[in-house]
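Engineer: Listed below, chain by chain, are the residues.
There are 2 protein chains.
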Amino acid sequence: MRTPLCDQLGIEFPIFAFTHCRDVVVAVSKAGGFGVLGAVGFTPEQLEIELNWIDEHIGDHPYGVDIVIPNKYEGMDDVDLDPEVLKKQLNALVPEEHLEFAKKILADHGVPVEHSDEDALQLLGWTEATATPQVEVALRHPKVTMIANALGTPPVDMIARIHDEGRVVAALCGSPSQARKHADAGVDIVIAQGGEAGGHCGEVGSIVLWPQVVAEVAPVPVLAAGGIGSGQQIAAGLALGCQGAWTGSQWLMVEEAENTPVQQAAYAKASSRDTVRSRSFTGKPARMLRNEWTEAWEAPENPKPLGMPLQYMVSGMAVAATHKYPDQSVDVAFNPVGQVVGQFTKVEKTATVIARWVDEYLAATGALDSYNG
Amino acid sequence: MRTPLCDQLGIEFPIFAFTHCRDVVVAVSKAGGFGVLGAVGFTPEQLEIELNWIDEHIGDHPYGVDIVIPNKYEGMDDVDLDPEVLKKQLNALVPEEHLEFAKKILADHGVPVEHSDEDALQLLGWTEATATPQVEVALRHPKVTMIANALGTPPVDMIARIHDEGRVVAALCGSPSQARKHADAGVDIVIAQGGEAGGHCGEVGSIVLWPQVVAEVAPVPVLAAGGIGSGQQIAAGLALGCQGAWTGSQWLMVEEAENTPVQQAAYAKASSRDTVRSRSFTGKPARMLRNEWTEAWEAPENPKPLGMPLQYMVSGMAVAATHKYPDQSVDVAFNPVGQVVGQFTKVEKTATVIARWVDEYLAATGALDSYNG
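If you're matching them up, the sequences are chains A and B in order.
Each step along the first sequence adds one to the number in full-length UniProt numbering, with nothing skipped, and position 32 is 32.
Each step along the second sequence adds one to the number in full-length UniProt numbering, with nothing skipped, and position 49 is 49.
Some hints here could point you the wrong way.
If you only want the chain B side, here are some residues facing chain A, beta carbon under 8 Å, derived [as the list claims (entries may be wrong)]:
1. Ala236
2. Leu238
3. Thr260
4. Pro261
5. Ala268
6. Thr345
Quick partial rundown of chain B residues pointing at chain A, CB under 7 Å, derived from the structure [to be verified]:
7. His20
8. Asp23
9. Ala270
10. Val276
11. Tyr325
12. Gly366
Because the hints were derived from the structure by calculation, they are not lab data.
Where a beta carbon is used, it is the ideal one built from N, C-alpha and C, also for glycine.
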């Protein structure tokens, strides 16, 4: 599976692994793939610590950092770029009704509620105000050879800044028109993410979306995302013209991940029909396990989810509870994952997964060869 | 793309084309694929005429017939198997409010309303009572080598009857558990249909669903369905372990199809984001172009769609209008199609499509070969 992108980035396999865990980043890159650290949960100071740790452990392998800058926030044209001012502005926009409803859901499930400052701070990673310092931190680390934006086209001055430092810019999209905007803005790698994906996703399935994006932005390389958790699925992405695979859900199910055993058990048990696109955590449609939290925000008689980033100021307490009280919060936890969750039955070593995917890929392409007689 | 299934069925390419048009069945089979006639719209007498015509024009090539027998109808445990009795039973179950609402939508768009007997009769193809005579008609035609059921597992006695006549039984599914039921009942070919598909479909995307179904029913051969409209997409299906592709949307856009120019123009214009899974036509979730009919049945203040087969007794008048008054009914027409509609830009000859798909397939597998160095 050595595509031109492998040579460009100096990697063995075009397997990009999005994860919030530094250990997974290191394990993937050392196994021949390309680890990408999701920075959204970190302050610039925390991110610096994470990247230093990765630098120390990853050897000569490259890796990436993923930030989140949505194109716009509805009804929030005048947001301040100073994080402290912005935080106060946002807090003032969250209706008390929503906070009370969220607390009630948690209380009904016996989950202790602590809406601490840390939870509120976490949401601020979803803005240009906080992403820009994250990018500056990342650029101080030479092994960070790619910076990806998970939502929307990165601002042009940010793209120029990253290019000036000799790094590559990637950006996710869910439609050919978004892909066009990315390419026009100078994005180097477009990640086409089908509706099967975990986290923020569109509604068009991967099998349809990928070739449309490939055709739209050629010769810009495209990564296939959404529904990839095997070598056969990587082969499908490459057959559809992509130059690699952007994967996420699988890395929740590796030994190096920090996910709790309770959450991993939930993923191992779930079928592909147990996920839902829900606005109940981030305010934008994101795929996750369906549970009593997501159902509560769907019921017509209850408050509707707020937009991004406000909804996370409400759901942040449930996310915090997921980590602090995994046993109690199992029915209301935030379990972002793609439909590929139905394939997972166990927790494996990262290197085992990569090796298996390579074997499966070769088996798949071998089968295709046999059909060509 | 010569899979073992090609040899089993005596065809050149494992491209299965579902269509309501006999001309397309003939054109596909003569081009090396396998045409499948959707029988749901025909009485047994009409079906006999269609199959005779196909037999005369298809040469020595085989073809298939697709019927619709849902597993169950909610709240209708005691339906009568006599079509005339059943029709009266069903008519009595349709609320006047729904009929009036449907007529109002059409009237608001200037579409003449004629709820004729023919429209009501058409719905009866969705039942075992009417599908059984269709199967008997099909079995009188030796070139019909496959009978497929579009919804649910066919009744065991029907499977036995078809096997006794030396024909193959296929059935669609949207989950591994449905696939298991098919295989256990003796279905010979399982069609795994992802949520991208036009018409009735589930929610799990093809890239995730296909390999799960392959693993579930092996060694029973699986066809990939949902989102296939190119040779690259066929290659993806085969890379994921399927032995062929079941396609539908593409055949609405060929010269041999009877679809109106108005409908074909709507498909050519639509993007992959312009479809919706809606219960507004058949009562079960089916993918179609979003328009003012589908939106009207979504609005919270309006009547909710009935179940299958009752909703079609309401929507039948809109379907009839689609055919009789294509220009007036453009905003309320029934346009079943998959997300792959975003790939369509023009109407082509059927043979041109098949030849293009074969070329595209070879280009895709050639690219994969080049990545293996």
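Engineer: If a hint holds in the structure, say so; if it does not, say that too.
Structural biologist: Against the structure, the hints come out as follows:
Annotation: Ala236 (chain B) was flagged as interfacial toward chain A, and the flag holds, the nearest CB pair being 4 Å apart, inside 8 Å. A distance limit of 8 Å between C-beta atoms decides the matter here; for Leu238 (chain B) the minimum to chain A is near 6 Å, and the interface restraint holds. The interface hint given for Thr260 (chain B) is broken, as the beta carbon of that residue sits about 24 Å from the closest beta carbon of chain A, more than 8 Å. For the restraint placing Pro261 (chain B) at the interface with chain A, the shortest Cβ-Cβ distance is roughly 25 Å, beyond the 8 Å limit, so the hint is violated.
Look at Ala268 (chain B): its Cβ only gets to about 15 Å from chain A, farther than 8 Å, so that hint breaks. For the restraint placing Thr345 (chain B) at the interface with chain A, the shortest Cβ-Cβ distance is roughly 11 Å, beyond the 8 Å limit, so the hint is violated. Because the smallest distance between the Cβ of His20 (chain B) and any Cβ of chain A comes to about 22 Å, over 7 Å, the interface hint for this residue is violated. With 7 Å as the threshold, the beta carbon of Asp23 (chain B) stays out of range of chain A, its nearest partner Cβ sitting at about 27 Å, so the hint is violated.
Interface hint status for Ala270 (chain B): violated, as the beta-carbon distance to the closest one in chain A is roughly 12 Å, over 7 Å. The interface hint given for Val276 (chain B) is broken, as the beta carbon of that residue sits about 9 Å from the closest beta carbon of chain A, more than 7 Å. Interface restraint check: Tyr325 (chain B) against chain A, minimum CB-CB distance 31 Å, threshold 7 Å, status violated. Interface restraint check: Gly366 (chain B) against chain A, minimum CB-CB distance 9 Å, threshold 7 Å, status violated.
In terms of the numbered hints stated before, the structure departs from hints 3, 4, 5, 6, 7, 8, 9, 10, 11, 12, listed from lowest to highest.
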